[in-house]
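Dock chain B against chain A, hints included.
Listed here are the chains, written in short residue letters.
Number of protein chains: 2
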Amino acid sequence: MTKTIAIVSGGMDSVVLAHMLRHEEHDLHLVSFNYGQRHSKELDFAKQCAADLRSPHNIVDLSGLQGLLKGSSLTSNDVAVPDGHYAEQTMRITVVPNRNAIMLNIAAGLAIAEGAKYVATGVHGGDHYIYPDCRPAFIKAVDAMLCVATDGFARKGFGVLAPFLNWTKGDIAAKGDAIGVDFNKTWSCYKGGDIHCGSCGTCFERREAFNEAGVQDPTQYLATPDYVDPRG
Amino acid sequence: MTKTIAIVSGGMDSVVLAHMLRHEEHDLHLVSFNYGQRHSKELDFAKQCAADLRSPHNIVDLSGLQGLLKGSSLTSNDVAVPDGHYAEQTMRITVVPNRNAIMLNIAAGLAIAEGAKYVATGVHGGDHYIYPDCRPAFIKAVDAMLCVATDGFARKGFGVLAPFLNWTKGDIAAKGDAIGVDFNKTWSCYKGGDIHCGSCGTCFERREAFNEAGVQDPTQYLATPDYVDPRG
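Same order as they appear, the protein sequences are chains A and B. Per the numbering used here, the first sequence starts with residue 37, numbered consecutively. Per the numbering used here, the second sequence starts with residue 37, numbered consecutively.
This is chain A alone, in the form it adopts within the complex (with noise of 0.2 Å):
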């Protein structure tokens, strides 16, 4: 079996992936980060995507980062998290700088450690066009960094999986739903309640990929506004 390890945030496209991965036979190794989010809901549906595929599961505590990432409305108090559609200027301020790149370097070192030959990520086709670090370019990049970075690891083939990077989150959907992913065991968004608000950039996110897929969207949502797609 090939061994791999997974970053799982507890969202919808990590959890699916997971479960894809498992489906595919990978002896999975998942790895969660908390970079000092304002909540750690989603950290919760990771430990229980581990939980149900029986993976060992790491959470790399990178909380100390919170200070430096400052402008990112998912690690700082001082900027409220964005309404509406990920329109792209309420996108760039929930940017972390460089945040899937820190997560696949720790994750990749973690492989060398288990022995793994792959590192998996979620990126997707619709994150493309706002983040730098989501695009095939990028995947392209640090897959060829940590080729060089890893040495031996590198000559066994170890690299990056990023099966998802030229779909939509409608794909990834209606894969989750193909395979059988409890999607009530996934997590989207950004404010952290009891259930998901329905009107943050993510939710709204959740709920297109869902009436993309044409699947079920078995999701209870705090508020089910108007929605207006702000791209017309």
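The set of hints was computed from the structure by calculation and includes no laboratory data. Ideal placement from N, C-alpha and C gives every residue a C-beta, glycine not left out. Honestly, I wouldn't trust all of these hints.
Said to hold, decoys possible - Restraint-style ranges between C-beta atoms, simulated for each label pair: (1) B:Asn247 to A:Gly151: 37 to 47 Å; (2) A:Gly216 to B:Met37: 50 to 60 Å; (3) B:Met37 to A:Ile215: 51 to 61 Å; (4) A:His59 to B:Ser99: 27 to 37 Å; (5) A:Ile95 to B:Ser76: 21 to 31 Å; (6) B:Asp97 to A:Gly151: 21 to 31 Å; (7) A:Lys77 to B:Asp213: 34 to 44 Å; (8) B:Ser99 to A:Lys77: 42 to 52 Å; (9) A:Ala214 to B:Met37: 22 to 32 Å.
Leaving out everything else, chain B in the frame of chain A:
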């Protein structure tokens, strides 16, 4: 002035790096990493360096990685620090997997947050043989990756500075001497005692560097064992 994030451990390489960049009129911001070392003595020297240069300084707490990065004598209490010269085998067990890539990527995140143009590292030619993530090919790959990952910053010329990449540690000692670095304000020993032990791998390297450069070594060592180069 060019704003630069310099990774400073408190060792002689990175302290000389910081002083050299200041001489070259960079607007410096220092960053150090606490990755669960068994002693944090080096970090005190990094703080002193920042104070001497009147630079902002952040210490990033990565001690959460300690349990993950097992097998390294820098972070694990299960492994004794190897004495003697850094021959390949003894060096290998002091490797923290993918450490330079992790530090460079976090420093790059800080560079984005601070609007800095460069991330600087003191990696040098003497590290090439054992550490894949100190080699020119690695620095080139991580530079390429960061340019893609940071997008807008890339367009403004963001990149990695590694001015010692093809220098020996002796070259670094000579440079530090030429620009007036006080080497008593640098720390090399892995053992973290009151003074340098004189017998661990990094103490040997330190001595060799001063010898090679023909620079007076001001360091007080606990032991001065008969030195035998294991390479013959």
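Query raised in the report: Taking each numbered hint in turn, which are not upheld by the structure, reported in ascending numerical order?
Result: Hints 7, 8 and 9 contradicted; others consistent.
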